[in-house]
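Participant: Residue numbers (our numbering), protein chains in the order written: chain A, 574 to 718; chain B, 20 to 94.
None of these hints come from the bench; they were simulated from the model.
Predicted model only: the values in this text are computed from it and were never measured.
Each residue gets a CB set at the ideal place from its N, CA and C atoms; glycine is no exception.
Treat the hints with care, as some may be off.
Said to hold, decoys possible - Some chain A residues close to chain B (C-beta under 10 Å, calculated; not the full set):
#1 Thr575
#2 Thr579
#3 Leu602
#4 Leu632
#5 Pro647
#6 Gly649
#7 Ser659
#8 Thr662
#9 Val664
#10 Leu668
#11 Leu669
#12 Leu672
#13 Arg675
#14 Leu701
Stated by the list, open to error - Keeping only pairs whose Cα atoms sit at most 20 Å apart, straight-line, the calculated SDA-like set for lysine to any residue is:
#15 Lys81(B) to Gly66(B)
#16 Lys81(B) to Ser588(A)
#17 Lys46(B) to Ala585(A)
#18 Lys46(B) to Pro619(A)
#19 Lys46(B) to Ala666(A)
#20 Lys81(B) to Leu91(B)
#21 Lys80(B) to Ala70(B)
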Amino acid sequence: MTIDWTNFTPWASLSGGILLGVASAFFILVNGRVLGISGILGGLLPPKLGDAGWRVALLLGMLAAPLVYGLLSPEGFVQAPRIDASFATIVAAGLLVGLGPRYGSGCTSGHGVCGLSRLSPRSLVATLAFMGAGFAMVFVVRHVL
Amino acid sequence: MHRITEFFVGLLFGLGLLLSGTTDPAKVLGFLDLFGTWDPSLAFVMGGAIAVGFFAFALAKKRTASFLGGALHLP
Numbered sequence: 574m575t576i577d578w579t580n581f582t583p584w585a586s587l588s589g590g591i592l593l594g595v596a597s598a599f600f601i602l603v604n605g606r607v608l609g610i611s612g613i614l615g616g617l618l619p620p621k622l623g624d625a626g627w628r629v630a631l632l633l634g635m636l637a638a639p640l641v642y643g644l645l646s647p648e649g650f651v652q653a654p655r656i657d658a659s660f661a662t663i664v665a666a667g668l669l670v671g672l673g674p675r676y677g678s679g680c681t682s683g684h685g686v687c688g689l690s691r692l693s694p695r696s697l698v699a700t701l702a703f704m705g706a707g708f709a710m711v712f713v714v715r716h717v718l
Numbered sequence: 020m021h022r023i024t025e026f027f028v029g030l031l032f033g034l035g036l037l038l039s040g041t042t043d044p045a046k047v048l049g050f051l052d053l054f055g056t057w058d059p060s061l062a063f064v065m066g067g068a069i070a071v072g073f074f075a076f077a078l079a080k081k082r083t084a085s086f087l088g089g090a091l092h093l094p
């Protein structure tokens, strides 16, 4: 294992992580809900009467984040991320990213942050599973194929 | 009031994602490439989030209602 020191951003990543923790803390304590982004989005497909407003408000807040970040950051507006893959690959990947959290009852925010924070064994299993699958997949794609 | 707090939580979460580097696919791949040149940054994201979340959920377990008076939806 070699560490990639040139791209290593411990302080930005730690600060960002603390912000994610504060958002999760705020949501459970003030609104009484677990901040699981995939579930919040998934609950809108299809939207149910009386259960859509809070989901839309939260997702709009997320969509506003790049704008606010661009105004606050000394580096200015965020560049759209570049993904070197064909349209079909992106569609297939998106489908898998949606299916996984649906079957696993949560994603990195619900299981990885909230679940591990409340010491849930189910979330630990889910987190180890999706992180393990991620490590394995990148290993195969970058070092085996 | 609820809608404002929900929007605020989403905004805060989005800012956290952007600041942490999680929104950059190259950064995510760098973290997952354990056997190449590994960028451990994203471990700090989960560490920072759980360090805060742990205390929030410990407090939430002791409460019967949220600060806004609604039910606490704990799994």
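Participant: It remains to establish, for every hint, whether it holds in the given structure.
Facilitator: Now for the hints, and whether the structure bears them out:
Annotation: interface hint on Thr575(A) holds; nearest CB of chain B at approximately 5 Å, less than 10 Å. The beta carbon of Thr579(A) is positioned within 10 Å of a beta carbon in chain B (closest approach about 9 Å), and the interface hint is therefore held. With its C-beta approaching chain B no nearer than about 6 Å, Leu602(A) sits inside the 10 Å limit, and its interface hint holds. Because the smallest distance between the Cβ of Leu632(A) and any Cβ of chain B comes to about 6 Å, under 10 Å, the interface hint for this residue holds.
Of the supplied interface hints, the one on Pro647(A) is violated, with its beta-carbon coming no nearer than about 12 Å to a beta-carbon of chain B, more than 10 Å. Below 10 Å, beta-carbon pairs count as interface contacts, and Gly649(A) has none with chain B, the closest being about 12 Å; its hint is therefore violated. Hint status for Ser659(A) relative to chain B: violated, with the closest Cβ pair at about 15 Å, above 10 Å. With a cut of 10 Å, the hint placing Thr662(A) at the interface with chain B is violated, because the nearest CB-to-CB distance is about 12 Å.
Below 10 Å, beta-carbon pairs count as interface contacts, and Val664(A) has none with chain B, the closest being about 15 Å; its hint is therefore violated. Given the 10 Å rule on beta carbons, the hint for Leu668(A) is violated: about 17 Å separates it from the nearest Cβ of chain B. For the restraint placing Leu669(A) at the interface with chain B, the shortest Cβ-Cβ distance is roughly 15 Å, beyond the 10 Å limit, so the hint is violated. The interface hint given for Leu672(A) is broken, as the beta carbon of that residue sits about 18 Å from the closest beta carbon of chain B, more than 10 Å.
At a threshold of 10 Å, the smallest CB-CB gap from Arg675(A) to chain B is about 16 Å, leaving the interface hint violated. A least Cβ separation of about 12 Å between Leu701(A) and chain B goes past the 10 Å threshold, and the interface hint is therefore violated. Under the criterion of a C-alpha separation no larger than 20 Å, the hint pairing Lys81(B) with Gly66(B) is inconsistent with the structure, at around 23 Å. Restraint check for Lys81(B) and Ser588(A): not satisfied, since their Cα atoms lie roughly 27 Å apart, outside the 20 Å limit.
Of the pairs offered as hints, the one joining Lys46(B) and Ala585(A) holds, with about 12 Å between alpha carbons and a cut-off of 20 Å not exceeded. In summary, the hint linking Lys46(B) to Pro619(A) is not supported, as the alpha carbons are separated by about 33 Å, beyond the 20 Å threshold. For the hint linking Lys46(B) to Ala666(A), the alpha-carbon distance of about 17 Å falls within 20 Å, and the restraint holds. Under the criterion of a C-alpha separation no larger than 20 Å, the hint pairing Lys81(B) with Leu91(B) is consistent with the structure, at around 11 Å.
The suggested pairing of Lys80(B) with Ala70(B) holds, with an alpha-carbon distance near 16 Å, which does not exceed 20 Å.
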